[in-house]
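Protein chains: 2
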Amino acid sequence: MALRIGVIGAGQLARMMIAPAVELGLDIRVLAEDEGMSAQLAATAVGDYRDVETVRRFAAEVDVVTFDHEHVPQEVLRALVADGIAVHPGPDALRFAQDKLEMRARLADLGVPQPDWARVESPEALQSFLDAHGGRGVVKTPRGGYDGKGVRVVDNAQDAAEWFDRLESGDALLVEELVPFVRELAQQVARRPSGESVVYPVVETVQRGGVCAEVLSPAPGASEKLIEVAARIGREIAEGLGVTGMLAVELFETDDERILVNELAMRPHNSGHWSQDGAITGQFEQHLRAVADLPLGDTSLRAPWAVMVNILGGPQNATMGERLDTVMQKHPSAKVHTYGKDPRPGRKVGHINVTGDDLDDAVYEARSAAACFE
Amino acid sequence: MALRIGVIGAGQLARMMIAPAVELGLDIRVLAEDEGMSAQLAATAVGDYRDVETVRRFAAEVDVVTFDHEHVPQEVLRALVADGIAVHPGPDALRFAQDKLEMRARLADLGVPQPDWARVESPEALQSFLDAHGGRGVVKTPRGGYDGKGVRVVDNAQDAAEWFDRLESGDALLVEELVPFVRELAQQVARRPSGESVVYPVVETVQRGGVCAEVLSPAPGASEKLIEVAARIGREIAEGLGVTGMLAVELFETDDERILVNELAMRPHNSGHWSQDGAITGQFEQHLRAVADLPLGDTSLRAPWAVMVNILGGPQNATMGERLDTVMQKHPSAKVHTYGKDPRPGRKVGHINVTGDDLDDAVYEARSAAACFE
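Residue numbers (UniProt numbering), protein chains in the order written: chain A, 1 to 374; chain B, 1 to 374.
Hints should not be assumed to be uniformly reliable.
It does not matter which identical chain is used: a pair holds within one copy or between any two.
Dumping the calculated SDA-like pairs for lysine to any residue here, alpha-carbon to alpha-carbon at most 20 Å [unchecked claim]:
(1) LYS225 - PRO315
(2) LYS330 - SER300
(3) LYS348 - MET1
(4) LYS341 - ARG4
(5) LYS341 - MET1
(6) LYS341 - THR326
(7) LYS348 - GLY47
(8) LYS330 - LEU296
(9) LYS149 - GLU35
(10) LYS225 - PRO343
(11) LYS330 - VAL52
Hints in this document: simulated from the structure, not taken from any laboratory.
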């Protein structure tokens, strides 16, 4: 019988695991939040991932549980582990992706380079941190943020007053120094439960409005030292936090050539979508191999350059299908990945990958192809 | 609403259409012969493809009908067309893939180079052909053969006596000269209903026991002239027979540098599996684009060489899953494609693709990886 992999959550990340699961002969089953989700094709159950009995019933029918997102509550995860179910990444790793304060504290213990930060329980504590860091900082809610939500650049503690008001007793906000970065990078790592890990080349990510817009792989102009340091940081975090499956480490590169950890994701991540077409083993296949504790695949590049551009918002006055015709007509070498989602402003509804020998050509081609969906 | 593509037949070819359909956001639906078939994940109906009402009901829920195999009877195909349903390839093209005598006659009309052949209704007629061609020939049943079945090399008309005995009145066998070929080639072509066509580079196919064992892409040592002639023959056949979707043309290369058409398949074909990992647009994505009348994709190679080796028979004393671990451990760069089929001797249960800069290395790697399943 084929190995059964259960994915909690039916978004586009679960959807993009379907293709490699079919190729490898793995039996992928998805617990969907609702009908008609992105990963509908592989959905075998519909229910609330916060409900322990719903998740237990789903998990009883699979050999390993993994995730489309990091929002499954700790008590649900721990109930599965107590039932003897293989959960990857496990609750002890996932809590560092679920809580940014825990993440910062743990990375500090590991000695991983990161921005100055503090746990602040009051506007006064925040103001002290700001005063000590040039009067500005980045305030984050420790939990539930994504794509720029729950993140605010402030130059005054009052800018975060409403978040403090909403804090429950004993809780706190995270404040980080505003890093004078020259660009953002991301490091993908895969790690098996048995300990084997592989790294992808560090990539450059371009954010617009707090959302990933483009990824260039490998990071243009990256020195051997930068590549090595990013890979080492990635492996240290994967190992130190006990991550199983894919790990994405978002990084700042400063003008004095330091790299500092910004955010973590313990799953296939937007910054790794280029690997579907740009690497021998794409991150979705790699995630399945890692969580199934199968030997990991070759992370070599298929071409000197791979460029990913997100399709944000989607078509303004046409269907995705109509735009598909246009992009295929104009850009026969662009690889189109769609998420089966209705377009709405700012929503990620797909992405384009282009590989090639020339970076400028690949960027132009990928941007032009994505623009067909505007 | 996403374009709905209905595939008749749930074998591995339908299975391998699932991944590109998901990527492109096409709604793939499969009419399966039975439960638990290779393309089960996308099966939305189970029934007999020879039953016109079963197929009609299935076809009523899709925008275009295509195929996993060429066995759907003409009367069923024509009923769909009469209902106004888009069928690709259509019955007028498919009949040339269903009947080798019709194919030979049509290719003769088109002036396409092919082996000498004859329609023979009796052992006497067959013997005359053999006498005129050095005493030997290849006898084929015009319908229903595949993977070497329904094909017999004879040096005496009596060798085909039982086939003549079974012929119905008015039917005949096909006899072809035994071509002194130096190797076998295959040419992949995709053609849209609107007429656009694209070609892949001609590849070398290696058969063992009448079954495709290996494919080398592009055909090693192929001259520009050979590449051009093969592509021209492919396009002429696609155009002349009105093929829509993928067309595979199996070819003999002779020691005097001629190429002669051996067989045709109007669907993604084993000789094109290398393209999943070796070309920008794999043949399964290309088939979907072609039958949906969407613009065709780039057929450029992703690497100088791509090698495909079939996994025949499958594991002797282990499960496919157990062998997956072995092949991943030993061959991290091999791309494993499995069909979700129980192994049995001679059955195609998967294939390995390897791409690279060096042909010998790629062949060695692909063969070694496939050998992990023996």
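Could you work out which of the previously given hints the structure breaks and list their numbers from low to high? Of the numbered hints, 1, 7, 9, 10, 11 do not hold.
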